[in-house]
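Colleague: These protein sequence lines map, in sequence, to chains A and B.
Residue 1 is where the first sequence starts when you use my numbering, and the numbers rise one by one after that.
Residue 1 is where the second sequence starts when you use my numbering, and the numbers rise one by one after that.
To be clear, the hints were calculated from the coordinates, so they are not data collected in a lab.
C-beta: ideal position from N, C-alpha, C; glycine also.
Some hints could be false.
[Claimed, not checked] Footprint (simulated), chain B over chain A, 3 or more residues, beta carbon under 8 Å: (1) 162-169; (2) 186-196.
[Said to hold, decoys possible] Cross-link-like lysine to any residue pairs, in silico, SDA-like; alpha carbons within 20 Å at most: (3) B:Lys138 with B:Phe156; (4) A:Lys95 with A:Glu79; (5) A:Lys95 with A:Pro181; (6) B:Lys267 with A:Thr76; (7) B:Lys199 with A:Pro271; (8) A:Lys268 with B:Asp200; (9) B:Lys267 with A:Phe251; (10) A:Lys31 with B:Asp200; (11) A:Lys25 with A:Thr76; (12) B:Lys138 with B:Leu197; (13) B:Lys268 with A:Glu206; (14) B:Lys267 with A:Asp231.
[As the list claims (entries may be wrong)] Residues from chain A that face chain B, not an exhaustive set, calculated with beta carbons under 8 Å: (15) Glu57; (16) Ser58; (17) Lys92; (18) Gln200; (19) Leu223; (20) Gly224; (21) Met225; (22) His228; (23) Ala261; (24) Asp270; (25) Pro286; (26) Ile307; (27) Gln311; (28) Ala312.
As a plain string of letters, each chain reads:
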Amino acid sequence: MMVEKLMEIGNSQLDDNLVEVRSLKKYFDIKKDVTVKSVDDISISIRKGETFGLVGESGSGKSTLGKTLVGLQAPTAGEVIYNGQDVTQLDKETKKLVNKEMQIIFQDPHASLNPRMRVGDIIAEGIDAYKLFKGKERENRIYELLERVGLRAEHAKRFPHEFSGGQRQRIGIARALAVEPKFIVADEPISALDVSIQAQVINLLEDLKDSEDLTYLFIAHDLGMVKHISDRIGVMYLGKMMELSNSDDMFTKPLHPYTQALLSAIPKTDPRAAKRERIVLAGDPPSPTNPPSGCRFRTRCPHAMAICAEQAPPWKEVEPEHWTACHLY
Amino acid sequence: MDHLLEVNNLEVNFKTYGGEVKAVRDVSFHVDKGEVVAIVGESGSGKSVTVQTIMGLIPTPPGIIKGGTIQFQGQDLLSLSKKELRKVKGSKIGMIFQDPMTSLNPTMVVGKQIAEGLITHQNLSKQAAKARAIELIKQVGIPNPEERYGQYPHEFSGGMRQRAMIAIALACNPELLIADEPTTALDVTIQAQVLELMKDLQEQTNTAIILITHDLGVVAETAQRVIVMYGGMMVESGTVLELFENPKHPYTWGLLNSIPDVDGPEKKQLVPIEGSPPDLFSPPKGCPFAPRCKFAMDICVEEMPGAYEIGEGHHAKCWLNDERAPEVDHAFAPKKKEAVAVGSEA
Ligand SMILES: Nc1ncnc2c1ncn2[C@@H]1O[C@H](COP(=O)(O)OP(=O)(O)OP(=O)(O)O)[C@@H](O)[C@H]1O
Ligand SMILES: Nc1ncnc2c1ncn2[C@@H]1O[C@H](COP(=O)(O)OP(=O)(O)O)[C@@H](O)[C@H]1O
Ligand code: SF4
Ligand code: SF4
Ligand SMILES: [Mg+2]
Ligand SMILES: [Mg+2]
Numbered sequence: 001m002m003v004e005k006l007m008e009i010g011n012s013q014l015d016d017n018l019v020e021v022r023s024l025k026k027y028f029d030i031k032k033d034v035t036v037k038s039v040d041d042i043s044i045s046i047r048k049g050e051t052f053g054l055v056g057e058s059g060s061g062k063s064t065l066g067k068t069l070v071g072l073q074a075p076t077a078g079e080v081i082y083n084g085q086d087v088t089q090l091d092k093e094t095k096k097l098v099n100k101e102m103q104i105i106f107q108d109p110h111a112s113l114n115p116r117m118r119v120g121d122i123i124a125e126g127i128d129a130y131k132l133f134k135g136k137e138r139e140n141r142i143y144e145l146l147e148r149v150g151l152r153a154e155h156a157k158r159f160p161h162e163f164s165g166g167q168r169q170r171i172g173i174a175r176a177l178a179v180e181p182k183f184i185v186a187d188e189p190i191s192a193l194d195v196s197i198q199a200q201v202i203n204l205l206e207d208l209k210d211s212e213d214l215t216y217l218f219i220a221h222d223l224g225m226v227k228h229i230s231d232r233i234g235v236m237y238l239g240k241m242m243e244l245s246n247s248d249d250m251f252t253k254p255l256h257p258y259t260q261a262l263l264s265a266i267p268k269t270d271p272r273a274a275k276r277e278r279i280v281l282a283g284d285p286p287s288p289t290n291p292p293s294g295c296r297f298r299t300r301c302p303h304a305m306a307i308c309a310e311q312a313p314p315w316k317e318v319e320p321e322h323w324t325a326c327h328l329y
Numbered sequence: 001m002d003h004l005l006e007v008n009n010l011e012v013n014f015k016t017y018g019g020e021v022k023a024v025r026d027v028s029f030h031v032d033k034g035e036v037v038a039i040v041g042e043s044g045s046g047k048s049v050t051v052q053t054i055m056g057l058i059p060t061p062p063g064i065i066k067g068g069t070i071q072f073q074g075q076d077l078l079s080l081s082k083k084e085l086r087k088v089k090g091s092k093i094g095m096i097f098q099d100p101m102t103s104l105n106p107t108m109v110v111g112k113q114i115a116e117g118l119i120t121h122q123n124l125s126k127q128a129a130k131a132r133a134i135e136l137i138k139q140v141g142i143p144n145p146e147e148r149y150g151q152y153p154h155e156f157s158g159g160m161r162q163r164a165m166i167a168i169a170l171a172c173n174p175e176l177l178i179a180d181e182p183t184t185a186l187d188v189t190i191q192a193q194v195l196e197l198m199k200d201l202q203e204q205t206n207t208a209i210i211l212i213t214h215d216l217g218v219v220a221e222t223a224q225r226v227i228v229m230y231g232g233m234m235v236e237s238g239t240v241l242e243l244f245e246n247p248k249h250p251y252t253w254g255l256l257n258s259i260p261d262v263d264g265p266e267k268k269q270l271v272p273i274e275g276s277p278p279d280l281f282s283p284p285k286g287c288p289f290a291p292r293c294k295f296a297m298d299i300c301v302e303e304m305p306g307a308y309e310i311g312e313g314h315h316a317k318c319w320l321n322d323e324r325a326p327e328v329d330h331a332f333a334p335k336k337k338e339a340v341a342v343g344s345e346a
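Build out the structure end to end from the sequences listed, making use of the hints.
Modeller: Quick look at the structure:
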């Protein structure tokens, strides 16, 4: 089968990285002469079996990076490397197979499921597109998936509106799992859910990661959950990666002033915690169509220096495995 | 002592195609001068309806205020005429909504919307109202106040709109500020700005605040007292310290066990609340949490628990607090891993 061919190619380039992007750019021309640089020259690698957390303010380019990674959008420039091969250079046939291994779960469980389709058919979208199973086998696969995500076989006949937000998110997860992916981008999978339901979905994602040998890119606003679920974390601001390190280091010794402000802004659930001096950033994020020169964070940075307006800070490994882009280092 | 606001036995229903929804059931609480009281609970638990009833914002029909009283500075708000209520609201109670875009007038410049209240409720001249409005825009931390005065809401960012709403609410120097999820739509760094602003105001002007939020961190950092709602009912209430350290309701335990620990060195195991939020059309005759409660007993399904007094000002509506109820061991002990795991389906 084609899958075997794919595995051979993958094998010939053995390394730890499952997905890698090099100098990735994704620009949108929104008007004549107005371009949004949603992802602007980002290079990261996601290792096999890890959960890579991605955080940053609204509009910083997290979803754009996620969609470009799984091939939902073509990059403006740069490489997307999956299992050692540059996806952008593949022929159509092979690309389709690679894309099958990379799935995405969306933030809004209402908008991402077709209201006129039955749950079983929604889950089988990928199965049908790739012609994986038919008839009885297809049906059994749907039941198996429903049970895998904590729903029941009889749910297959129902429509999305008959489910709660948390259940709909489970349907989205089952749809992603249907084609046996290796890599899943979870784009704010819990933001639309109640606190009591968020933990259900997080625990499910963690279970599935172990049982199905998955690798995740987990995008979120909730820094607490990102810390909980991620092995490494990347912080984005206005289309650029600001900092990257393992989850513990990011929370105990953040290097970049933006990360420091972001962490200091998290409300703590300990009512006895000493009243902290919080770093409150002045102002709003600048418009992504007209980002500041030099360092994009400089208009809100409490440490900004003259050089910050002149030169973009280089992406640098300041400590082992701990990267940042800031002139302070 | 007389409370600034006192709500007693409030009952609000909505007539819908599916039947009558019991949105708020027997809600009683008070707010004192200068206090921050938080209301938490999942979506649909009746938080917004509760405060909208205080503000006289419930459309009737489909809403029906079945019973209860709302005393504000000794006046029963529910018995006031529309005109009288508008006067109280305009001069003493301010409100901030989750989505400022729906409550700001998109066709009027932001400055005028702030000045309007000053002219009608404080009898300021046009000139004086404009000057005061610019001052307020500055006070809520929006740069270039003169220029911003003449801009429309769509020219503001989300955080700036929320601050403009706060400026409108503050224009009347309210005794009570009601904030319904004021930061839910905002990024954390902007949320920090807005919360800081609200806290400053409360400290400087001794304004009381009712803060609806689903973020327990926001509760811990800003409120003195908390009300936990579930299925239209208040299931637990008390001081923030009591609620976080000595919670007495399984739903509160569930909430606290569902959130990760940001500061802890070790990874805490999340224990979710299984099942889905309740159906308000036909609430069970017993405890609304019973279908999801790991500790439910036969009586829970049969009979509604009363509000047990745990300590001063700390109440929990749960049969487990009855002296005849069995002991539940280690049902809740945040931050200790082995204790947290107890009660999950092991
Ligand atoms: N299809 C598109 N056309 C034009 N602009 C776009 C498109 N998709 C994204 N953008 C712009 O790119 C920038 C980054 O958007 P993106 O959705 O990636 O942000 P995000 O970090 O996921 O934000 P959020 O936290 O709000 O989901 C934004 O300025 C957005 O308006
Ligand atoms: N105008 C309305 N018409 C019908 N039902 C309503 C209306 N407003 C609120 N409700 C219902 O009342 C219940 C409580 O809602 P709400 O107070 O908005 O919850 P929340 O706690 O999320 O703020 C929900 O079931 C909601 O659907
Ligand atoms: S490069 Fe300069 S402006 Fe940017 S984060 Fe570092 S110190 Fe601040
Ligand atoms: S009254 Fe019963 S069902 Fe309700 S919370 Fe208490 S133990 Fe659980
Ligand atoms: Mg996004
Ligand atoms: Mg609400």
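Colleague: Each hint needs a verdict: does it hold in this structure or not?
Modeller: Now for the hints, and whether the structure bears them out:
With 3 residues carrying a beta carbon less than 8 Å from a beta carbon of chain B, the region 162-169 of chain A meets the three-residue requirement, and the given coverage holds. Check result for the region 186-196 of chain A against chain B: holds, 3 residues qualifying (beta carbon to beta carbon below 8 Å, three or more required). With a CA separation close to 14 Å, the supplied pair lysine 138 of chain B and phenylalanine 156 of chain B stays within the 20 Å bound. With a CA separation close to 14 Å, the supplied pair lysine 95 of chain A and glutamate 79 of chain A stays within the 20 Å bound.
At most 20 Å may separate the alpha-carbon atoms for a hinted pair to count; lysine 95 of chain A and proline 181 of chain A meet this at roughly 14 Å. Taking the CA atoms of lysine 267 of chain B and threonine 76 of chain A, the gap is near 39 Å; set against the 20 Å cutoff, the hint is violated. Proposed proximity of lysine 199 of chain B and proline 271 of chain A is supported: the alpha carbons are some 15 Å apart, at most 20 Å. Restraint check for lysine 268 of chain A and aspartate 200 of chain B: the C-alpha separation of about 19 Å stays at or below 20 Å, so the hint holds.
Between lysine 267 of chain B and phenylalanine 251 of chain A the alpha-carbon distance is near 13 Å, which keeps this suggested pair within the 20 Å criterion. Restraint check for lysine 31 of chain A and aspartate 200 of chain B: not satisfied, since their Cα atoms lie roughly 41 Å apart, outside the 20 Å limit. The suggested pairing of lysine 25 of chain A with threonine 76 of chain A holds, with an alpha-carbon distance near 5 Å, which does not exceed 20 Å. Annotation: proposed proximity of lysine 138 of chain B to leucine 197 of chain B holds, straight-line Cα distance about 12 Å (limit 20 Å).
Distance check on the hinted pair: lysine 268 of chain B and glutamate 206 of chain A sit about 13 Å apart at the alpha-carbon level, within 20 Å; holds. As the CA atoms of lysine 267 of chain B and aspartate 231 of chain A are separated by approximately 11 Å, the hinted pair is consistent with the 20 Å bound. With its C-beta approaching chain B no nearer than about 4 Å, glutamate 57 of chain A sits inside the 8 Å limit, and its interface hint holds. Taking 8 Å as the C-beta cut-off, the interface hint given for serine 58 of chain A holds, the closest approach to chain B being about 5 Å.
Because the closest C-beta pair between lysine 92 of chain A and chain B is about 39 Å apart, greater than 8 Å, the hint is violated. For glutamine 200 of chain A, the suggested interface contact is upheld, since its CB lies about 4 Å from the closest CB of chain B, less than 8 Å. For the restraint placing leucine 223 of chain A at the interface with chain B, the shortest Cβ-Cβ distance is roughly 7 Å, inside the 8 Å limit, so the hint holds. Taking 8 Å as the C-beta contact cut-off toward chain B, the hint placing glycine 224 of chain A at the interface holds, the least distance being around 5 Å.
Annotation: methionine 225 of chain A was flagged as interfacial toward chain B, and the flag holds, the nearest CB pair being 6 Å apart, inside 8 Å. At a threshold of 8 Å, the smallest CB-CB gap from histidine 228 of chain A to chain B is about 4 Å, leaving the interface hint in force. Below 8 Å, beta-carbon pairs count as interface contacts, and alanine 261 of chain A has one with chain B at about 6 Å; its hint therefore holds. Against a cut-off of 8 Å between C-beta atoms, the interface hint on aspartate 270 of chain A holds, since the closest Cβ of chain B lies about 6 Å away.
Against a cut-off of 8 Å between C-beta atoms, the interface hint on proline 286 of chain A is violated, since the closest Cβ of chain B lies about 10 Å away. Contact between isoleucine 307 of chain A and chain B, as hinted, is not supported at the beta carbon level, the nearest pair being about 24 Å apart and thus beyond 8 Å. Interface restraint check: glutamine 311 of chain A against chain B, minimum CB-CB distance 25 Å, threshold 8 Å, status violated. Evaluation of the alanine 312 of chain A hint against chain B yields a violated restraint, the C-beta minimum of about 22 Å exceeding 8 Å.
Violated hints, listed in ascending order, are 6, 10, 17, 25, 26, 27, 28; each of the other numbered hints is respected by the structure.
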